[in-house]
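*Asks:* Chains A and B, in that order, give the protein sequences.
FYI, in numbering that gives the first Met the number 0 the residues of the first sequence are 0 to 197.
FYI, in numbering that gives the first Met the number 0 the residues of the second sequence are 0 to 256.
Keep in mind that the hints are not guaranteed to be accurate.
The calculated DSS-like cross-link candidates involving lysine-lysine, where the alpha carbons are at most 30 Å apart (straight line), are [unchecked claim]: (1) A:182 / B:82; (2) B:122 / A:131; (3) B:256 / A:120; (4) A:48 / A:131; (5) B:216 / A:131; (6) A:108 / B:82; (7) B:120 / B:82; (8) A:186 / A:48; (9) B:216 / B:154.
Honestly, the hints are just simulated from the structure, not real lab data.
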Amino acid sequence: MKRLFLLILFCVVLPLPLFAATTPTEKIQQVVDSVLDVLNRTDIDYATKRQQVSGMVQCQIDIDSMSQRTLGIHWRSATEQQRKIFSGLFVQVLEMTYLNRIEDYSGGKVDYLQERVKNDKAIVDTQFVSDKLQIPVQYKMLHGDRGWQIYDVVIENVSLVRNYRSSYGDIVRKEGFDGLFAKMENKLAEQKLSGAVQ
Amino acid sequence: MSPVRLFVLIVIVLFGAVGTVWSQDVTAKVRPSITAPDAFDADFDDFDDDFSDEQLPLISDPLEGLNRGVFWCNDKLYVYLLKPVARGYRVVPRPLRRSVGNFFSNLTTPVRAVNALLQFKVKATGTELGRLLVNSTIGWGGLLDPAGDALGWQKTNEDFGQTLGVYGLRSGWYLVLPVLGPSSVRDGVGILGDQLLDPLLYTNLTDAQKTAAAGLKIINRLSLDPDSYEGIKRDALDPYLFIRAAYAQHRLASVSK
């Protein structure tokens, strides 16, 4: 319940005043800063951090566009129900992947290098810098009802969505949607298990 | 047999098997010349591609069965030998391990400089030569990187696989090489070419010593890596597919830069 409340707070209430004039870079900045703020806090434990970050990121992602593009050609042949199942699982997989990485990104900072906007599309180039790593990270964004939303992250020239598209496409071709969903469910269950052990 | 020779042998065997395709690749798949659109539009074209339904495979992989076999072996090698050793080696303080990395990297400057030149990247060639000069002298024989840290001359990353790509050669089939991991027919040949530019080949070291140096280089690199392979294995539905796609994308971008 508390989680739901937080989600509503982050997705609906907080961004409201920002709708009007938020540029893509500002949007990324807000998300990244608020995530880093949580990560760098010392007064809350790891589980709480994960929970808080999860709400923040989920509502900044354009999950429909991402799902559609990840399935690509298979999206069209999918039934309405399959699409729904996929989006539901996919958002969890993305969240899991992201949350598993956040520890790597603790204690770093983000430089904003460049912003390019073309109609309803935007590309924001950033660089993540910490004492261990220096990684170029590019955000691709779309403008929709909820302002600018992220739909792809390109890390060192590797687009996350393209990677998913290639991998998932292969799985759908060989094992069908059922095979893909089973793999996604397995992965999520496996993670919950290892999370519980931690 | 030294790992280098073993590797050469394996590659030759593999290429023997795919030789016919390779020669087709050379002649038939020369890239159309690009009319240098500016980077702004190029990136947005990418964007539009993403929204098309076109689903070109990033790289063709007719040897998937064999590749998965090698991938499995590499995984075991990594999990049960290389990584535990690298973890133990982490007792060496991080700055020192970075210096070891710097040293090896300085040593392989010829690889990057020659390939930059072969790709007509004059500035990158100059940067590499400048780095060699500065880091070999005031950088304590390459242990430190004052050229990058103080002068801002960042290391470039050119290799022969990229050079062949710039000359219009497509990657060809995806290959997972023993120990070395993801590669392609083109990039495998590239690795062979780069070996010839590695000064270590021309030293008086014995085979055993060269093997030890190559081993140290791998362990040192793994010790500095923030467990990225473990991350992929944990997150990806199928790590083989994920790494293949990432490799293909990464190489495409390296060649077009």
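*Asks:* If a hint holds in the structure, say so; if it does not, say that too.
*Replies:* Hint check results:
| no. | hint | verdict |
| --- | --- | --- |
| 1 | A:182 / B:82 | holds (27 Å) |
| 2 | B:122 / A:131 | holds (28 Å) |
| 3 | B:256 / A:120 | holds (23 Å) |
| 4 | A:48 / A:131 | holds (22 Å) |
| 5 | B:216 / A:131 | holds (18 Å) |
| 6 | A:108 / B:82 | holds (29 Å) |
| 7 | B:120 / B:82 | violated (36 Å) |
| 8 | A:186 / A:48 | holds (22 Å) |
| 9 | B:216 / B:154 | holds (18 Å) |
Going down the numbered hints, you'll see the structure goes against just number 7.
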